[in-house]
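**Q** We have chain R; now place chains C, P and L onto it with these hints.
4 protein chains.
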Amino acid sequence: MKALLYHGPGARALEEKPKPVLIDPTDAIVKITHTTICGTDLHIMKGDVPTVTDGRTLGHEGVGIVEETGAGVSNFHAGDTVLISCITSCGKCGSCRKGMYSHCEHGGWILGNTIDGTQAEYVRIPHADSSLHRVPDGGDTEAFVMLSDILPTGFECGVLNGRVQPGDTIAIVGAGPIGLATLLTAQFYSPAEIIMVDPDANRLAVAKSFGATKLVQNNPVEEIMKLTHDRGVDAAIEAVGIGATFDICQSIVAPGGHLANIGVHGKSVTLHLEKLWSSNVTITTRLVDTVSTPMLLRTVLSGKLQPKLLITHHFAFADIMKAYDTFGNAANEKALKVILTN
Amino acid sequence: MKALLYHGPGARALEEKPKPVLIDPTDAIVKITHTTICGTDLHIMKGDVPTVTDGRTLGHEGVGIVEETGAGVSNFHAGDTVLISCITSCGKCGSCRKGMYSHCEHGGWILGNTIDGTQAEYVRIPHADSSLHRVPDGGDTEAFVMLSDILPTGFECGVLNGRVQPGDTIAIVGAGPIGLATLLTAQFYSPAEIIMVDPDANRLAVAKSFGATKLVQNNPVEEIMKLTHDRGVDAAIEAVGIGATFDICQSIVAPGGHLANIGVHGKSVTLHLEKLWSSNVTITTRLVDTVSTPMLLRTVLSGKLQPKLLITHHFAFADIMKAYDTFGNAANEKALKVILTN
Amino acid sequence: MKALLYHGPGARALEEKPKPVLIDPTDAIVKITHTTICGTDLHIMKGDVPTVTDGRTLGHEGVGIVEETGAGVSNFHAGDTVLISCITSCGKCGSCRKGMYSHCEHGGWILGNTIDGTQAEYVRIPHADSSLHRVPDGGDTEAFVMLSDILPTGFECGVLNGRVQPGDTIAIVGAGPIGLATLLTAQFYSPAEIIMVDPDANRLAVAKSFGATKLVQNNPVEEIMKLTHDRGVDAAIEAVGIGATFDICQSIVAPGGHLANIGVHGKSVTLHLEKLWSSNVTITTRLVDTVSTPMLLRTVLSGKLQPKLLITHHFAFADIMKAYDTFGNAANEKALKVILTN
Amino acid sequence: MKALLYHGPGARALEEKPKPVLIDPTDAIVKITHTTICGTDLHIMKGDVPTVTDGRTLGHEGVGIVEETGAGVSNFHAGDTVLISCITSCGKCGSCRKGMYSHCEHGGWILGNTIDGTQAEYVRIPHADSSLHRVPDGGDTEAFVMLSDILPTGFECGVLNGRVQPGDTIAIVGAGPIGLATLLTAQFYSPAEIIMVDPDANRLAVAKSFGATKLVQNNPVEEIMKLTHDRGVDAAIEAVGIGATFDICQSIVAPGGHLANIGVHGKSVTLHLEKLWSSNVTITTRLVDTVSTPMLLRTVLSGKLQPKLLITHHFAFADIMKAYDTFGNAANEKALKVILTN
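Residue numbers (my numbering), protein chains in the order written: chain R, 594 to 935; chain C, 594 to 935; chain P, 594 to 935; chain L, 594 to 935.
All the pointers check out, no bait thrown in.
Residues on chain R that point at chain L, a partial pick, calculated with CB under 8 Å:
1. 618
2. 619
3. 664
4. 665
5. 668
6. 684
7. 685
8. 687
9. 722
10. 723
11. 887
Cβ-Cβ distance ranges computed for the label pairs, FRET-style:
12. 614(C) x 644(P): 39 to 45 Å
13. 601(R) x 899(P): 54 to 60 Å
14. 927(P) x 687(R): 53 to 59 Å
15. 660(R) x 899(P): 46 to 52 Å
16. 859(L) x 644(P): 35 to 41 Å
17. 614(C) x 899(P): 48 to 54 Å
18. 899(C) x 837(P): 50 to 56 Å
19. 859(L) x 837(P): 20 to 26 Å
20. 859(L) x 867(C): 55 to 61 Å
21. 911(L) x 801(C): 44 to 50 Å
22. 692(L) x 794(P): 38 to 44 Å
Here are the simulated lysine-lysine pairs, DSS-like style, with alpha carbons at most 27 Å apart:
23. 868(C) x 639(R)
24. 868(R) x 691(C)
25. 819(C) x 807(C)
26. 868(R) x 639(C)
Hints were generated in silico from the structure; no laboratory data involved. Predicted, not measured: the structure shown is a model, and the values here were computed from it. Note that beta-carbon positions come from the ideal geometry of N, C-alpha and C, so glycine has one too.
Bound-form chain R, shown alone (with noise of 0.2 Å):
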């Protein structure tokens, strides 16, 4: 079969690889229908991520049609239209039985690091029974990917852990696709303002078509300090993972408030505790479990949710080192999420 290879940093490459095989009773093989690429795909292409080794099979997302599963399989079935989870949890482990399957024993984010991802024909998945969900035939299968791990995401780690509740005032810096997932999802609990930070004016644009209530595209401390009348945000959602970003968001978080990290840093940062100690706030880090997996495809399924307005651009399978090329571009190209079909 097809798929996409890392032979380490910068170098990527598509090519024919044995189709995967059963290897454990809770394993199933996946035909892939639907992928895409994810912004960790493009950290791992710089080489930042060293778990990541040559010749693996990249890729975390994706749709697909159940081919084949092991003995251990009981909720699905050949023939069965699912979505792949970005997170393998066995559902048995402590982490697991306490809903953090992002520290599961026997899982955790693996596809597309440790063994094989989704950017492929062919995917094996792991505790098959508690890493896929089924989605309907025929239904909107691109807008189902982005529940592989961009919305759970930004729900999770921003909205979640951010406590966004009804007449918050919360602010969300950055406006890429994790940004603009968690502002799709922060509309769960009908902030009263959203103020959205990033310095691409399309961005922003993008961010007000989707519900923001607030721009800020200079001098944001200022800015929101000014917008809250000196009171600070309620929520501050960090959506890049740098040690700017960060700061913005220690300084406009309001007392009592919260600041929840989605950013995948590279680095330390410097947290002022001079300032903070005394102003009662929660500072939360996540890696995505996924546990709100399940509600977020009703929501999407009542129609709630549309998670396509996240796709900008359609590729065929066959062409994903050009889609790479597109989402590596993303400011010039305006892209947001790519979708792969094979």
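**A** Then chains C, P and L, alone, in the frame of chain R:
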């Protein structure tokens, strides 16, 4: 009357000062029978708290007898024995309505800071109805003094924010008075293991007698990771206020765990988001709200909590200069809390 | 001044009465500009509320202008436009400190019950600082009247107690004003399905226009179990106050679900513990605390909530006797809330 | 092997039966070393549980040694000493994913109910990975048997659902084994007062030795309202399962309080909504989920919980017929829990 006055960094004196009078209808005048000295008073004496100006009467803790009340005070009357909360709260602003009295728009920590405090024969208490608590006459008055600040601080900032739960393994970094108050109140939630960390062997011995199950004097990170089989702790509670102890806490908190900061920090710290971004941790800061004081009073009255354990030294109020010397030299004097009696 | 007085079951009259005066320093006198009639007022007129005695001015809802304040009132001044909360709270007792204003030791529901109410030209508001809310002059005053009682009641007793969550399937049994207020505020949490139950087709049509996703007029238990594939609903909200509707709720609540009672019940009901003991359900009751009023105000001001949808009829205050007739004949008059303007 | 079989109401016998064998790949066969008898087994013997059919091996509690595991079992191996949960959970269905194992789509309470149970020499445990818990060899095995059902039941249905908090005043109505298990585990949260209610003086004496602070034998409502100065209790926990005790609970629960039902009810009860509708109470029901078992295990291992206090009688398994007689005559025999050893 006699009062302990601040005269700039390093300079304090016991002097005569006019007895306070009612200013607002919501004020009460309280005759102090018992007070104490807080670690924060030592910070003030170092010049670390610029809101404290020359001539200020220090102190924000104490028990006394109501002498006189304004027309707007309805909960208290002359002759009532009362506990003075270190936090003044109006009960009517947005912060008070949310239970965040520390950020009361008309109060907060003002006693011995922006208005005259309790290290005197008399004190004026603004917003008396919501800033005092009635205590039984002739009860164990010294024990109640511990409820002005240290016990709600340990409990709210450390135990509640640390979400200590039955069966948890927790670590308290710092076995000074505030760490020990945390240790006492953490036991309300029956953690399975309480690891106490301090370089001072005497304080660790005290911690053991207060209920610590494990003591760590050296190499805290290595020791705690060994004790927890490399899992880390469910709650890491910072009870010192410097970068080194905050560092210990971020190194030992388990995935999904809580890092509860109690310490008053004078400098920023380094937050290792490059490791923590994916570890699902929650970091909290808090100035005590004293929202738990009524509950703590009940537990003292029912005998479940023995705050007197924290008291090591007694002085007449006339000897408060000497009491500061003793408390300021706590390690050598084996001092925890000192009681001053008028 | 003119006031609507209760003279025993079935007897009410618009009469002259002395204008109220300040009694306690925490009082305010408010000139009523807008008021309304509550279903509870109809209960009173039937003689169901024995605490209401002959000569009482009815009414516990309204917007007005502060005329005069006592010496102890600091948040409001003459000329302020204010929303009157149906619940009076002192802000200082144990219940108020917990946010349970409905059980305030010095307040609770007293307006138009144990003291004179708002269906008059002027009203005395005890504990004004914590029982009034400032609203913008010239704003949409009629909309704010809905925040005195009906919207916080639907939201707190129905939506918050019912723990409505994104993606949930909920049922609201009763599409009268209170059920519709619940429907409006339930959407703050983006449930996937809101099933509205009422025998009145007109009210169901209104519910549909307000956002209900499914309507059930007959055989509610059978219909709802069919709609939910025999699973039942995550939240069953009782908005009527009789045994039959409570019965529907206990028959349709799913394992792990919430039954939130809003209705004012005059009789005991049968609780089917022989079925429910093992079904992990939570049943709640609540007299509204109006703790959510500031948040609801923000959502109205930001345009997220449109309380005017609930208003069907307008009268001059001088025509309040006729307004009672209309509201008392709500089904035929297709009346929801009526607004009375002074 | 020997097993205790149900042969219809009133009829039980210790008989020979084939040793169970693996059926599904997720099964384990466990050799029982210790088991016990539950109050529910007595209900079954009365014919109250129609899902139990003739020939069923009773029992849903026990500790044993894994004899054999199916191909899909990965957490346990032959030779492991294990605690058997009374609730079987697949870990993969929607209910299990929410931690509501009691309503597992493929499990729940099935042992000794719809499949053969633990009052035998061997038992087949479906979904072994998520329905067994490893315990240390040679530990205090008898204590662990109390973790199969009675301690998680008292803790989850009574203490957690009752939201017992430090400083609370709670009442436990019924001092049988389940009420006493609630009493033991309520102390994890340090309530200030625990009022124990039972007509049996011996059971009250046991309760006192277990930590009850007040005992009430007669006129419970009057006595408790007197003890609480007419306020009522923060949590009223029903540990019997009849209308009369549920009535006590609804009469004594304070405004804002919790009524946590543990008892297995055979009949409906009268709920006094005409009083309770406005009292802001929460009523809960629950079939134990055993989600707290790992935590309870840790507290037993750390010595915080002494489940052996509940054990009054010991029998060889061969004498189980006599053990039933003793347990069925608990008041006269002063029996709490009996241990049967193979």
